[in-house]
Amino acid sequence: MKCTRIEKFLPLYVAGDLAVRRTRAIGNHLATCEKCRLNALEYQASRDMFCAATLAPDFEGAFYEEIRDSVLAQIKRERMLAPPSAFAKLFNPRLAYAASLILFLIAALALQGSLRRTPDGGGRDEIIAAVNAERPTTPAAIKTAQASRQESNTRLLPPPFKASTRSATGKRHRAAIRAPGAARAEMARGRNEVRPNSSTAQYATLTAGQNPPATSDEATKRANAVEINAASVNESEPRAQLEVSRIEIQTSDPNIRIIWLSPVADNAPHLLK
Amino acid sequence: MAIGTIHFAAMMPGDLQTPLAGHEAAGSEHFALLVARARAGDATAFERIMLETERRVVGVAWRMLGNREDARDAAQEVFLRVYKYLDRYKPEQDFNGWLYRITINVCRDIMRKRGTRLGGTQFGPRPGEDERIAPQAAASDVNAEENAIRAQQRALLLSALQTLPEKERAALVLRDLEGLTTEEVARVLHSRPVTVRSQISSARAKLKIHCERLLRRDGKRV
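Chains A and B supply the protein sequences, listed in that same order.
Numbering that gives the first Met the number 0 puts the first residue of the first sequence at 0, with every later residue one more than the last.
Numbering that gives the first Met the number 0 puts the first residue of the second sequence at 0, with every later residue one more than the last.
No wet-lab data here; the hints were simulated from the structure.
Be aware that a few hints might be false.
Mimicking DSSO-like on lysine-lysine, the simulated pairs with C-alpha atoms at most 27 Å apart in a straight line are [unchecked claim]:
| id | chain 1 | residue 1 | chain 2 | residue 2 |
| --- | --- | --- | --- | --- |
| 1 | A | 75 | B | 166 |
| 2 | B | 205 | B | 112 |
| 3 | A | 7 | A | 34 |
| 4 | B | 166 | B | 205 |
| 5 | B | 83 | B | 166 |
| 6 | A | 1 | B | 205 |
| 7 | A | 34 | A | 1 |
| 8 | A | 7 | B | 205 |
| 9 | B | 205 | A | 34 |
| 10 | B | 112 | B | 83 |
| 11 | B | 166 | A | 7 |
| 12 | A | 75 | B | 89 |
| 13 | B | 166 | B | 112 |
Quick caveat: nothing in here was measured; it's all calculated off a predicted structure.
Could you build all of it, start to finish, from the sequences and the hints given here?
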């Protein structure tokens, strides 16, 4: 090591503040370098001189007694020794961080759960999958479905009904739905009996089939809308008796049944366009 | 330099590196018990703490501040703070380190106040020095002169301590005069050991220059 580098370490070397390895290296250098050794001695001497000059003071007993009395009097006067508060005892920064983290996780899980939750407790994706599963996708399946629909038309189809009529006074009346007893019984199985006779109702049922309602309120609203639309009559609709086919889809919620009434293609092709 | 070395030999006491004497060197467990009692409202326990630590506190304050009055004020403030913050002391904590930290903080506060008020201080003769010098002076004029020179040197060195930056002074007092290790000093000052070493090295180099000037002046005088 060079002398300039050694000189940097001498203030620490004289008090043993260096690592063993460096202390040994400096000791070896000092054994050979007279100038550095003299410098080290000067450091040692100044340090000893300073330590001796600043020896702990030897104040008289009355000095310390005065300090004690003053402190105790002030403590008594100001009643500084307040018992630690319960919060201060309980408060621990680490515990606080851990608790806040746990609360955050719980809140995040709760939020996620509420977003995924559906009226019947099932998942939204599950409902969509169930509805889609009932829908035929392949040509063969579509043909089979059409065949079964024809069968169901003959078996379950309620008789054609008049949507509504306008009285002589111009007031709108509810459509009188005519259906045989067996068909009525079949239709009454669902709690929300739907008797649509408008394109709006068909659109609503179709939409409901494609995108199931996210919440129970929404489902109820849609069902009501379908019913209302079915009950009311749009004047622009053709006042013809329509043959409709009926498809029912039971959701996992027993209170919600999707009923799809579609006109038979042969009878009302204009509605399928 | 030889003259200076002879002076050191005459001035060096045997227990220079063990400034914590007698009952003051009690362990932290002992203090933890006293703190627990004081916290429960036992006034005698707190008085006991004061009795066992007052010399150390006053010593540090005197070295940091340079005069008796400020040291007394600082010691009072230190004990008031200790009492006030007894709840913050943890039993596993080093009580002496905690006490040193409070003492250094109080001294810094006083230095800042004093800096705006007075702008500096000067060390007087060491406590009890006047009483020691007086009989010696009566016995021998030569001894009296030597003692006077020594006292003057001491005062100048203590003044040199006051010229050091605040952090260097605190590090030097704790390391060289209170005998703490570099790591302990770093903990007390909320610093790193390498920083403390740097501060101590700088302070020692400055004091060496000061001592050399002092000795050169004495040599010329002799």
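Comparing the hints with the structure gives:
Straight-line distance between C-alpha atoms of residue 75 of chain A and residue 166 of chain B comes to about 35 Å, which puts the hinted pair past the 27 Å bound. Using a Cα cut-off of 27 Å, the hinted pair residue 205 of chain B and residue 112 of chain B holds, with the two alpha carbons roughly 25 Å apart. For a cut-off of 27 Å, the pair hint linking residue 7 of chain A to residue 34 of chain A stands: about 14 Å separates their Cα positions. With a C-alpha separation of about 14 Å, the suggested pair residue 166 of chain B and residue 205 of chain B falls inside the 27 Å cut-off, and the hint holds.
At most 27 Å may separate the alpha-carbon atoms for a hinted pair to count; residue 83 of chain B and residue 166 of chain B meet this at roughly 25 Å. Under the criterion of a C-alpha separation no larger than 27 Å, the hint pairing residue 1 of chain A with residue 205 of chain B is consistent with the structure, at around 22 Å. As the CA atoms of residue 34 of chain A and residue 1 of chain A are separated by approximately 12 Å, the hinted pair is consistent with the 27 Å bound. Between the alpha carbons of residue 7 of chain A and residue 205 of chain B the distance comes to roughly 13 Å, so the proposed pair stays at or under 27 Å and holds.
This hinted pair checks out: residue 205 of chain B and residue 34 of chain A have alpha carbons roughly 19 Å apart, not beyond 27 Å. The suggested pairing of residue 112 of chain B with residue 83 of chain B holds, with an alpha-carbon distance near 22 Å, which does not exceed 27 Å. For the suggested pair residue 166 of chain B and residue 7 of chain A, the alpha carbons sit about 20 Å apart, so the restraint of at most 27 Å is met. About 24 Å separates the Cα atoms of residue 75 of chain A and residue 89 of chain B, which keeps this hinted pair within 27 Å; it holds.
For the hint linking residue 166 of chain B to residue 112 of chain B, the alpha-carbon distance of about 16 Å falls within 27 Å, and the restraint holds.
Of the numbered hints stated above, the single one contradicted by the structure is hint 1.
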